[in-house]
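Chain residues, written in single-letter form:
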Amino acid sequence: MATDLQTPKANTEIGEINKYDFHTESKAVFKARRGLDRDVVAQISEMKGEPDWMRDFRLRSLEIFNAKPMPKWGGDIDIDFQDIYYYLKPTEGHGRTWDEVPQEIKDTFEKLGIPEAERKFLAGVKAQFESEVVYGSLKEDLAKQGVIFLDTDSALREHPDLFREHFATVIPPTDNKFAALNSAVWSGGSFIYVPPGVHIEFPLQAYFRINAENMGQFERTLIIVDEGASVHYVEGCTAPMYSTESLHSAVVEIICRRGSRCRYTTIQNWANNIYNLVTKRAVAYADATMEWVDGNLGSKLTMKYPAVYMVEPGARGEILSIAFASQGQHQDAGAKLVHAAPHTTGQITSKSISKNGGRSSYRGLVRVEHGAKNSKCNVVCDALILDPQSRSDTYPYIEIMDKDVSIGHEASVSRIGEEQLFYLMSRGLTEHEASTMIVNGFIEPLVKELPMEYAVEMNRLIQLQMEGSVG
Amino acid sequence: MTHVLKIENLHVAVDGKEILRGVDLEIKQGETHALMGPNGSGKSTLGLVIAGHPGYEVTEGRILLDGQDVLEMSPDERARAGIFLAFQRPMTIPGVRMADFLRHAATNVRNPDRKEGEELMPMREFRRELREKMEQLKIDPEFARRYVNDGFSGGEMKRAEILQLAMLQPKFAILDETDSGLDADAVRLASKSIAEIGRDKMGLLIITHHDKLLEHNPPDFTHVMLGGRIVESGGPELAKELHQYGYERIRAAHPDADRANQQMLEREKEKEVASAG
Numbered sequence: 001m002a003t004d005l006q007t008p009k010a011n012t013e014i015g016e017i018n019k020y021d022f023h024t025e026s027k028a029v030f031k032a033r034r035g036l037d038r039d040v041v042a043q044i045s046e047m048k049g050e051p052d053w054m055r056d057f058r059l060r061s062l063e064i065f066n067a068k069p070m071p072k073w074g075g076d077i078d079i080d081f082q083d084i085y086y087y088l089k090p091t092e093g094h095g096r097t098w099d100e101v102p103q104e105i106k107d108t109f110e111k112l113g114i115p116e117a118e119r120k121f122l123a124g125v126k127a128q129f130e131s132e133v134v135y136g137s138l139k140e141d142l143a144k145q146g147v148i149f150l151d152t153d154s155a156l157r158e159h160p161d162l163f164r165e166h167f168a169t170v171i172p173p174t175d176n177k178f179a180a181l182n183s184a185v186w187s188g189g190s191f192i193y194v195p196p197g198v199h200i201e202f203p204l205q206a207y208f209r210i211n212a213e214n215m216g217q218f219e220r221t222l223i224i225v226d227e228g229a230s231v232h233y234v235e236g237c238t239a240p241m242y243s244t245e246s247l248h249s250a251v252v253e254i255i256c257r258r259g260s261r262c263r264y265t266t267i268q269n270w271a272n273n274i275y276n277l278v279t280k281r282a283v284a285y286a287d288a289t290m291e292w293v294d295g296n297l298g299s300k301l302t303m304k305y306p307a308v309y310m311v312e313p314g315a316r317g318e319i320l321s322i323a324f325a326s327q328g329q330h331q332d333a334g335a336k337l338v339h340a341a342p343h344t345t346g347q348i349t350s351k352s353i354s355k356n357g358g359r360s361s362y363r364g365l366v367r368v369e370h371g372a373k374n375s376k377c378n379v380v381c382d383a384l385i386l387d388p389q390s391r392s393d394t395y396p397y398i399e400i401m402d403k404d405v406s407i408g409h410e411a412s413v414s415r416i417g418e419e420q421l422f423y424l425m426s427r428g429l430t431e432h433e434a435s436t437m438i439v440n441g442f443i444e445p446l447v448k449e450l451p452m453e454y455a456v457e458m459n460r461l462i463q464l465q466m467e468g469s470v471g
Numbered sequence: 001m002t003h004v005l006k007i008e009n010l011h012v013a014v015d016g017k018e019i020l021r022g023v024d025l026e027i028k029q030g031e032t033h034a035l036m037g038p039n040g041s042g043k044s045t046l047g048l049v050i051a052g053h054p055g056y057e058v059t060e061g062r063i064l065l066d067g068q069d070v071l072e073m074s075p076d077e078r079a080r081a082g083i084f085l086a087f088q089r090p091m092t093i094p095g096v097r098m099a100d101f102l103r104h105a106a107t108n109v110r111n112p113d114r115k116e117g118e119e120l121m122p123m124r125e126f127r128r129e130l131r132e133k134m135e136q137l138k139i140d141p142e143f144a145r146r147y148v149n150d151g152f153s154g155g156e157m158k159r160a161e162i163l164q165l166a167m168l169q170p171k172f173a174i175l176d177e178t179d180s181g182l183d184a185d186a187v188r189l190a191s192k193s194i195a196e197i198g199r200d201k202m203g204l205l206i207i208t209h210h211d212k213l214l215e216h217n218p219p220d221f222t223h224v225m226l227g228g229r230i231v232e233s234g235g236p237e238l239a240k241e242l243h244q245y246g247y248e249r250i251r252a253a254h255p256d257a258d259r260a261n262q263q264m265l266e267r268e269k270e271k272e273v274a275s276a277g
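Top to bottom, those sequences are chains B and Z.
Position 437, counted from 1, in the first sequence is what the working numbering calls 437; the numbers after and before it change by one each time, with no gaps.
Position 157, counted from 1, in the second sequence is what the working numbering calls 157; the numbers after and before it change by one each time, with no gaps.
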């Protein structure tokens, strides 16, 4: 099926695909070939019409990627990098038709109650979710306040200076092999700039201006929250991300200036063949607060450790992470907090669920630098294991260079207790209803942090995940 | 039709060790039975086995509800058939709100044929009823939003059990030490709530050390359990006697059962030490 992608298909929906697209006329873009080398990277940059500095940045990143060894920890990664398409022109919706979408995926959309219009987009049949009407007026409001909310490619074109000043400053390509890969081949993602003192009252959602590129394999997101400003960004959705490609490797960089506040919420549910290897990091300046809310379901292997570097006094970092690993899935998720200034406060809450032989790991690092006096950090990780075939591990790393700090760590692993099940069943709940209720209760601390519609979907999703889990 | 819960020659073992050694008991709708006996005699086990706890193995005997074989039913089927156990030690379910749990439970018990995923009882109707019942039991409305038994005091847990009883309105209710942990006022409220469901509608089996709950719910029958058997049955006067004079006479009259009781008690202690270690 993947070969279909090389030839542009007649697309009956092309008329709807819209005015914001820049490459519609350029048919050459569909010829990006499989594999990764200098030519492919240069071609991606050229197709996008990027400035030289970006092209050079990409090429340099490719060299770093080639030079870096694969990570030796986390999970087993078996990827043939030469067997992947690194750039797919989004306008043709990956050239897939609704008939080609597996029945299983369609059924899940049905069960989740995903609106018809969104289903085609999510399955990669349509490139653009028709939300321009909603988004149009919203965009106007935001623009009046000086907020920039664009896909990352457009931001590079429309705000070159602001872009260049911050891009790759939080996560340089040298950070890790997959950050280097993303730096070489990135496409799409979101760019947000919130001017000083501006508070965006409602969660900004990628949904509003979603397109295939935005949800691509190598998206690159950059958020700058200026002094005293605040924003809540919500990424992803609970529908299964269906892709014929097997690698998703995103980079998300966030800069929280003095006194600002940013919350970044992700709920992702990947198909079982996907390697989801993501680097997410924020820098928090004086009295700024950064919160990551990160929900990971599905995928073959997820490695994701959202980080907050607290670099000035009074900065706060909070990470709430949840992972659900089922059959054939390994969730290696966690968090990283670096206290690099006095009076900084950190909190990590990690919850993981393993069932049907799934494996979940918490991997976390808390580092307190010299001189970060009076800093506080608390780590709580709870794991719930639903059956004897499943597995959970905890890898907490704590490095403390200053003694004048307070660090707490608690970890618990529990199995769904026979006694809890019996108690609920003795009140008329079936075994499946009872265990679903226990699991939903377990993740409640995360779900209550989600915007309403996501919370509802999340609960439904857990219900689906639980189906058939108890014999 | 008068509902009947009938227990015949019930033998129960855990890890191959017998705990119940031939229990016979018949409870009819409208009757209140007191089940008394010293520690380790098997009273709580009987309650758990009737409710369907998976940790116990029934080696012999039958439990029938209106002639239907209860032992063939899963715990939830038993609940839907009208059996309720107020737990001596209720379980904590973190993150699950009392109200959500109760709405689910009430819906299932009231519509025994409900399939999973079908509609729950209407929210308004449920809330109104829950609020009413909570008021009667003098339970803080905030309770509905709290997680099931999470951080509850002993008394709060027992009240919550009575609230569940009131919402589920079973045919047969087993109250296992429900009065321990309750003050006099709470016992009175609990009894009132039982009266409101209608003593005539329910068969009650009250397992207790105390006479608090029995004072408000005078038993029609009293049974004494010792060493995994019911060794004596009588009327309300037997309950009074046991409260006043303890189990000396009973132990002396049934030396075999008393010996069995001692052994069971020791095994229980060993198990506790082992699990604590």
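Keep in mind that the hints were calculated from the coordinates and are not lab data.
The structure displayed is predicted, hence computed values, not measured ones.
It is possible that part of the hints are untrue.
Stated by the list, open to error - Cut-off 25 Å, straight-line C-alpha distance, at most; resulting in silico cross-link-like pairs (DMTMM-like, lysine to aspartate or glutamate):
id, chain 1, residue 1, chain 2, residue 2
1, B, Lys448, Z, Asp140
2, Z, Lys115, B, Glu140
3, Z, Lys271, B, Glu418
4, Z, Lys115, B, Asp404
5, Z, Lys28, Z, Glu156
6, Z, Lys115, B, Glu399
7, Z, Lys269, B, Glu457
8, Z, Lys17, B, Glu399
9, B, Lys177, B, Glu63
10, Z, Lys17, B, Glu419
11, Z, Lys133, Z, Glu156
12, Z, Lys269, B, Glu399
13, Z, Lys133, Z, Glu57
14, B, Lys373, B, Glu410
15, B, Lys448, Z, Glu119
16, Z, Lys115, Z, Glu135
17, B, Lys448, Z, Glu8
18, Z, Lys115, B, Glu410
19, Z, Lys171, B, Glu419
20, Z, Lys171, B, Glu63
21, Z, Lys201, Z, Glu8
22, B, Lys72, B, Glu457
23, B, Lys106, Z, Glu8
Hints and how they fare:
A C-alpha spacing of about 23 Å is found between Lys448(B) and Asp140(Z), which places the hinted pair at or below 25 Å, so the restraint holds. Between Lys115(Z) and Glu140(B) the CA atoms are separated by roughly 48 Å; this puts the pair beyond 25 Å, and the hint is violated. A distance of roughly 18 Å separates the Cα atoms of Lys271(Z) and Glu418(B); the hinted pair therefore holds under the 25 Å criterion. With a CA separation close to 58 Å, the supplied pair Lys115(Z) and Asp404(B) exceeds the 25 Å bound.
Pair hint Lys28(Z) plus Glu156(Z) does not hold up; C-alpha atoms about 30 Å apart against a cutoff of 25 Å. For the hint linking Lys115(Z) to Glu399(B), the alpha-carbon distance of about 52 Å lies beyond 25 Å, and the restraint is violated. At most 25 Å may separate the alpha-carbon atoms for a hinted pair to count; Lys269(Z) and Glu457(B) exceed this at roughly 48 Å. For the hint pairing Lys17(Z) with Glu399(B), the CA-to-CA distance comes to about 52 Å; that exceeds 25 Å, so the pair is violated.
Proposed proximity of Lys177(B) and Glu63(B) is supported: the alpha carbons are some 10 Å apart, at most 25 Å. At roughly 20 Å between alpha-carbon atoms, Lys17(Z) and Glu419(B) fall within 25 Å of each other, so this suggested pair holds. The hinted pair formed by Lys133(Z) and Glu156(Z) meets the criterion: a straight-line CA distance of about 15 Å does not exceed 25 Å. For the hint pairing Lys269(Z) with Glu399(B), the CA-to-CA distance comes to about 44 Å; that exceeds 25 Å, so the pair is violated.
Distance restraint check for Lys133(Z) and Glu57(Z): the Cα-Cα separation of roughly 36 Å exceeds the 25 Å cut-off, and the hinted pair is therefore not satisfied. The hinted pair formed by Lys373(B) and Glu410(B) meets the criterion: a straight-line CA distance of about 22 Å does not exceed 25 Å. A hinted pair counts as satisfied when its Cα atoms are at most 25 Å apart, and Lys448(B) with Glu119(Z) qualifies at roughly 23 Å. At roughly 31 Å between alpha-carbon atoms, Lys115(Z) and Glu135(Z) are farther apart than 25 Å, so this suggested pair is violated.
Our distance criterion of 25 Å between C-alpha atoms is broken by Lys448(B) and Glu8(Z), whose separation comes to about 49 Å. Taking the CA atoms of Lys115(Z) and Glu410(B), the gap is about 40 Å. The hint is violated against a cut of 25 Å. The suggested pairing of Lys171(Z) with Glu419(B) holds, with an alpha-carbon distance near 23 Å, which does not exceed 25 Å. Between Lys171(Z) and Glu63(B) the alpha-carbon distance is near 75 Å, which puts this suggested pair outside the 25 Å criterion.
A C-alpha spacing of about 23 Å is found between Lys201(Z) and Glu8(Z), which places the hinted pair at or below 25 Å, so the restraint holds. This hinted pair does not check out: Lys72(B) and Glu457(B) have alpha carbons roughly 35 Å apart, beyond 25 Å. For the proposed pair Lys106(B) and Glu8(Z), the alpha carbon gap of about 53 Å is over 25 Å, so the pair is violated.
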